[in-house]
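Undergrad: Chains as they are written, first to last, in my numbering: chain G, 1 to 514; chain X, 1 to 514.
Watch out, some of these pointers could steer you wrong.
Identical chains blur together in the list; that is why a pair holds if it fits in one copy or across any two.
[Unchecked claim] When the alpha-carbon atoms are kept at most 35 Å apart in a straight line, the in silico DSBU-like pairs for lysine-lysine are as follows:
id : residue 1 : residue 2
1  : 175       : 502
2  : 446       : 175
3  : 446       : 64
4  : 502       : 446
5  : 502       : 478
6  : 478       : 175
7  : 446       : 284
8  : 64        : 478
9  : 249       : 284
10 : 64        : 249
11 : 64        : 284
12 : 446       : 478
13 : 284       : 502
14 : 284       : 175
15 : 284       : 478
16 : 249       : 446
In case anyone wonders, no lab produced these hints; they're calculated from the structure.
2 protein chains.
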Amino acid sequence: MNGAESLVRTLSAGGVDVCFANPGTSEMQFVDALDRTRLMRCVLGLFEGVVTGAADGYGRMAGKPAATLLHLAPGMANASANLHNAKKARTPILNLVGDHALRHQAYDAPLSADVEAAALPFSDFVRMTRSAADIGADGAEALAAAMSAPGKIATLICPSDTGWDEGGVVAEPRKPQGPAPIDAVALDAAVEALGRGHETMILVGGSVLEDVALTALVAGIAERTGCRVAVPAANRRLERGRGRANFAKVPFAVDLAVEMLADVRTLVMIEARQPVAFFAYPGKPSVLLPDACTRLTLADLHEDGPDAVRALADRVGARPARIADAPRATAPQAVPISYQALEMAIAAALPEDAIVVDEGLTAGRGIYDATFGAPPMSWIAITGGSIGIGPPMAAGAAIACPDRPVVSLQADGSAMYTIQGLWTQARENANVTTVIFANGTYEILKHELTRVGANPGRSALDMLEINRPSLDFVSLAKGMGVPGVRVEDAATLCQAIRDSVKEPGPKLIEAILA
Amino acid sequence: MNGAESLVRTLSAGGVDVCFANPGTSEMQFVDALDRTRLMRCVLGLFEGVVTGAADGYGRMAGKPAATLLHLAPGMANASANLHNAKKARTPILNLVGDHALRHQAYDAPLSADVEAAALPFSDFVRMTRSAADIGADGAEALAAAMSAPGKIATLICPSDTGWDEGGVVAEPRKPQGPAPIDAVALDAAVEALGRGHETMILVGGSVLEDVALTALVAGIAERTGCRVAVPAANRRLERGRGRANFAKVPFAVDLAVEMLADVRTLVMIEARQPVAFFAYPGKPSVLLPDACTRLTLADLHEDGPDAVRALADRVGARPARIADAPRATAPQAVPISYQALEMAIAAALPEDAIVVDEGLTAGRGIYDATFGAPPMSWIAITGGSIGIGPPMAAGAAIACPDRPVVSLQADGSAMYTIQGLWTQARENANVTTVIFANGTYEILKHELTRVGANPGRSALDMLEINRPSLDFVSLAKGMGVPGVRVEDAATLCQAIRDSVKEPGPKLIEAILA
């Protein structure tokens, strides 16, 4: 057995059954091994950012890592922006990156570059395997690293000869590191803080938000103690909608976030860190909490958040809250698509059990609150601020959950970073409804430009507008095999989403914003 | 004056007058400074790979660096694949990468990552500036590094407060390091080797190929001594066509390259290194030269190739060769577009003074030889093997040379990595004719798969075919404001190119290969 086959068999035994791939010559022996063993579903991306964005969406919804197959240092680099998002989300992903054969690395061949150095800034674990005999064991170790709490990016660099040489050994799965136990002293302190009611806030993220029973229990703690609850601005996955707890997000805008947190005296953090400004601005704080606020880490990111919630509930005598149903939004009239009309249209259109991909940015900022009363859904958002995750993340989520409709809320400027993801949606016949928020501008940057004190002239604004020429997303989608439609009023938008989610396969709706 | 303005004024004084940009919040003060000073032409890309690919095309044709403006570590990562190509080409580029304000770097904000570490594998010079007072001087040093022989990738990381703080100081331009002198002993040895005629080969690259007089002199040395001449498989820029020297390229395929070099006893290298296999394969050599061949470096990459050529010519008594005109290709018949018909169509269609962008790969491999007799042209090719350079490189070349038609020879799979470059072509009304070689497959990989000994099955081939769904490049182009046409016979293709190059603005021709 060659090294490539031993690696594929090792990973398969460890539970990996999907491989998102953009392979090149140095990965052909892995393509061959995947082909011969038929142990994984292989999903092709036309660009490496699609591969990792899809692996992120898959990992968030499947709760386990996909493998990726990437091509040398430039392939690693192209993959990195969406790995950055996945790393911040703590999504488990196992990257396999081909490299030149070990004997070939002495020569400065055109594609030579330092793959390890390229991988390090965007990975939690990096290893280069050195022989066909080692690649199985290295793969098992990398997989265990990826699956360790709270979820990690593991990158295994595979020189091509370690794949094609004979002598591969299938390795036993290795046990990933589970979440670390919480600290009893921190628990006592948290219980004490909860005794002070409203001046205490629980900031809860990570795995807790993925479990409806746990979020109900968090809401029960708030009911029982009078404390407040918030969630980070963006999360790996958040279960919400009708009958489920609805927690406020820490706002993106610094001023709003400072206002929300102004009278918090103790912040109890469960799988979350203290909220900070997304960016620094002249004259504005980096830290959003008041100086006098006590930061209390009950469960750090790698610690056992579910246990923390259960222990807290037990200590304060809380039971799961019964969440009252919010009224369902009604379909909007045929009005131009203002932000508010956009929110209504989406809230009214979301089907049962949707997966909502959130890269809506400026135009989409109100949709979260507007959809509290919509049917139960999973909400997966861009976590690392590296725009261009939506089209691939939607594809990956659909592959993890083929029976659930995916609704992808997509800013137009961001869509263009990894628009190639539409092709993978078409190829896999994924039930993804992409709604493009078409305002023809990097709207967010116009706000940002004034925040640094600029009084922008024509040439500055020109750097922020993307409507010269206009992007025609319906044509772009057609070019990649995805049917599309352009809508200019909110009623048509709502109906188009309702129609699309019922049909198999992807669709793109270009919503022209007013 | 704030730091951002001092940097812009410093770079402008050093000769930088174009900035390719994909800015975000942390670069808004640079956008503002560019806006207020009007010292540079700003060109927007929808994706960072477009920005750096365009800067590469610009640098190759302008012979001086453009600036780029990139957004934190993920922006640097997205930019890196085409920086890899530029680094291998030795194209001068100056990257300005925004980062969080220094005071904000202590917090793990969502976009936080190690920008320096991300930049290092794909740069020759990396520095993070530390204050508004320093940013001008750091910019001058980075610019000098970029312009130093043979052309380098310099990356200056600019925390946002170093841009918006007052106290900026405009720095004097610093002198770049010119090419190092050649070695007299090596010159003697090269002259001696040339005395042995046919068994000696000159491998010449770099700046020599950009100078028609120098290439004629190299051809004259060959005439005078009977030696052979070859050029590397891909080069930064190569001046060729009617009346100009025509040198054979070292082939991509290992077997063909080994055959070409089999009886070379001395290889005299001028701004070139010994040719090696692009990839390693089981049972095939990494080194293409025979063991017994003497490797003689007359001018290394950073040394003075033009001086080496002149000195050699002087010593052997050579004069510039008079190059006989080759017959011009005639327009092909209306036949299906085989590789041969493709070569004929392009050879017959190329206009005077074209810039040919070569990312044609498998289908385009014969076009170089076929266009020897075409009108004089500049030939700029993908150098680092990181596919996805064509659309942006063509845009950048057109911006450097607005009066010259650009003909971009583009494989279909590769086109999809940085297809967003079409939008920049449209926005800048660049005279670029993109010819897509549409075969619906990563053709090159099918050959590679068999070279590693695989007997591919359906699922392996599925990873190499991109025609499910078919890519429709005419729709993709339309989506980005570029008019397109699909052609299925060689005569129509030839005429479409001829028509397009005469018109201003971009056009895309999707050539369906037989």
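Undergrad: Each hint: holds or not?
TA: Structure-based check of all given hints:
1. Taking the shortest Cα distances, residue 175 and residue 502 never come within 35 Å of each other, neither inside one copy (41 Å) nor across copies (65 Å).
2. Taking the shortest Cα distances, residue 446 and residue 175 never come within 35 Å of each other, neither inside one copy (48 Å) nor across copies (38 Å).
3. In this homomeric assembly, residue 446 and residue 64 come within 35 Å of each other (Cα to Cα) only across copies, at 32 Å, whereas the closest approach inside a single copy is 39 Å.
4. With identical chains, the CA atoms of residue 502 and residue 446 are never at most 35 Å apart, being 37 Å at best within one copy and 38 Å at best between copies.
5. For a Cα distance limit of 35 Å, the shortest separation of residue 502 from residue 478 qualifies both inside one copy, at 20 Å, and across copies, at 29 Å.
6. Taking the shortest Cα distances, residue 478 and residue 175 never come within 35 Å of each other, neither inside one copy (45 Å) nor across copies (51 Å).
7. Taking identical chains as interchangeable, the C-alpha atoms of residue 446 and residue 284 lie at most 35 Å apart only when both belong to the same chain, with a minimum of 18 Å there against 56 Å between chains.
8. For the homomeric pair residue 64 and residue 478, the shortest alpha-carbon distance inside one copy (33 Å) is at most 35 Å, but the shortest distance between copies (39 Å) is not.
9. With identical chains, the CA atoms of residue 249 and residue 284 are at most 35 Å apart within one copy only, with a shortest distance of 20 Å there and 58 Å across copies.
10. Taking the shortest alpha-carbon separations for residue 64 and residue 249, only the intra-copy value of 26 Å comes in at or below 35 Å, while the best inter-copy value is 48 Å.
11. Taking CA atoms no more than 35 Å apart as the test, residue 64 paired with residue 284 passes in neither setting, with 39 Å inside one copy and 39 Å between copies.
12. Taking the shortest Cα distances, residue 446 and residue 478 sit within 35 Å of each other both inside one copy (30 Å) and across copies (27 Å).
13. Proximity of residue 284 and residue 502 under a CA criterion of 35 Å is satisfied in neither setting, with 46 Å inside one chain copy and 54 Å between copies.
14. Proximity of residue 284 to residue 175 under the C-alpha cut-off of 35 Å is found in neither arrangement, the shortest distances being 45 Å within a copy and 40 Å between copies.
15. With identical chains, the CA atoms of residue 284 and residue 478 are never at most 35 Å apart, being 45 Å at best within one copy and 43 Å at best between copies.
16. In this homomeric assembly, residue 249 and residue 446 come within 35 Å of each other (Cα to Cα) only inside a single copy, at 23 Å, whereas the closest approach across copies is 49 Å.
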